[in-house]
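2 protein chains.
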Amino acid sequence: MTEHIGDAELSAAGEVIGDRNIHDRDLGWLKSSDYLVAEVTTPSLGVGYEIGKATEWGKPVLCLYRAAEGRLLSAMIAGSDRVTLKEYQSANELNQIFEHYFRSQ
Amino acid sequence: MTEHIGDAELSAAGEVIGDRNIHDRDLGWLKSSDYLVAEVTTPSLGVGYEIGKATEWGKPVLCLYRAAEGRLLSAMIAGSDRVTLKEYQSANELNQIFEHYFRSQ
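Chain order of the listed sequences is A and B. Going letter by letter, the first sequence gives residues 1 to 105 in our numbering. Going letter by letter, the second sequence gives residues 1 to 105 in our numbering.
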C-alpha cells in the first residue's frame, strides 16, 4: 500500500495522471524508501512488480499474509530469500509484527 | 507461463521441490532467456514479480492482456516503459502478435 491509501486529502484530489505517471511516481516512492512492507493476501501484478524491484534494489521487504484454506501464496514471494514473510489473522497483530521486525533490523 | 505448463512429462513428475527451489529455478530460467512473454489478464504476484525482475535486468517484456469490462490492468504494468503491451480477445490472435513483435525486435 502506498501512503495515499487512507489519506483523505490525497484520495479526494482524484486527479487522473495516467499509467506512466502512476508507475514512475510509485517507483520513485519505492526508490526513496528504506523498506517495502507489502500486503500479499490478494494476488496483484503491481504488488508483485514492486516486490521484484525492491528485492533487486536491495531493499528489505516485509510481506504480510493472511493465510486461509484453499489459498496458496506464490512461490516467487514465499521462496525469495530477500523477503521476510509474516502470517497474520487480524490487523490487531500488525503492531507486534512491525515492532518485532523493525527492532531486529 | 513457464515451459512446464502444458508439458505432460514435466507436469506428470509432480515433484515437490519447495518454494525456495521453485523461486530460484524460475528466476534461473528468466535470467537465461532473451525475452519475457507474460499473460497478465489475471492478477498474479508471481507474474508481477518476474516482470519487475525482467525489466530491471533489461529483458524485453511482452505482456498479453485480454481486456474486459470491469477489469483494469495495473498501472505498474501498463505504465512501464520497458513493457510492450498487446491486447487480444482470442488465442487465435497470438501468432500474429508474436510474429509482429519478434520481427520488430
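Hints were generated in silico from the structure; no laboratory data involved. Quantities reported herein were computed from a predicted structural model and do not represent experimental measurements. Keep in mind that the hints are not guaranteed to be accurate.
[Said to hold, decoys possible] Quick look at which bits of chain A chain B covers, simulated, 3 or more residues with Cβ under 8 Å:
| hint | stretch |
| --- | --- |
| 1 | 46-53 |
| 2 | 73-82 |
| 3 | 92-100 |
[Said to hold, decoys possible] Some chain A residues near chain B, calculated using beta-carbon distances under 7 Å:
| hint | residue |
| --- | --- |
| 4 | V40 |
| 5 | P43 |
| 6 | E56 |
We treat Cβ as the ideally placed atom computed from N, Cα and C, and that holds for glycine.
Hints violated by the structure (listed by number, smallest first): 3
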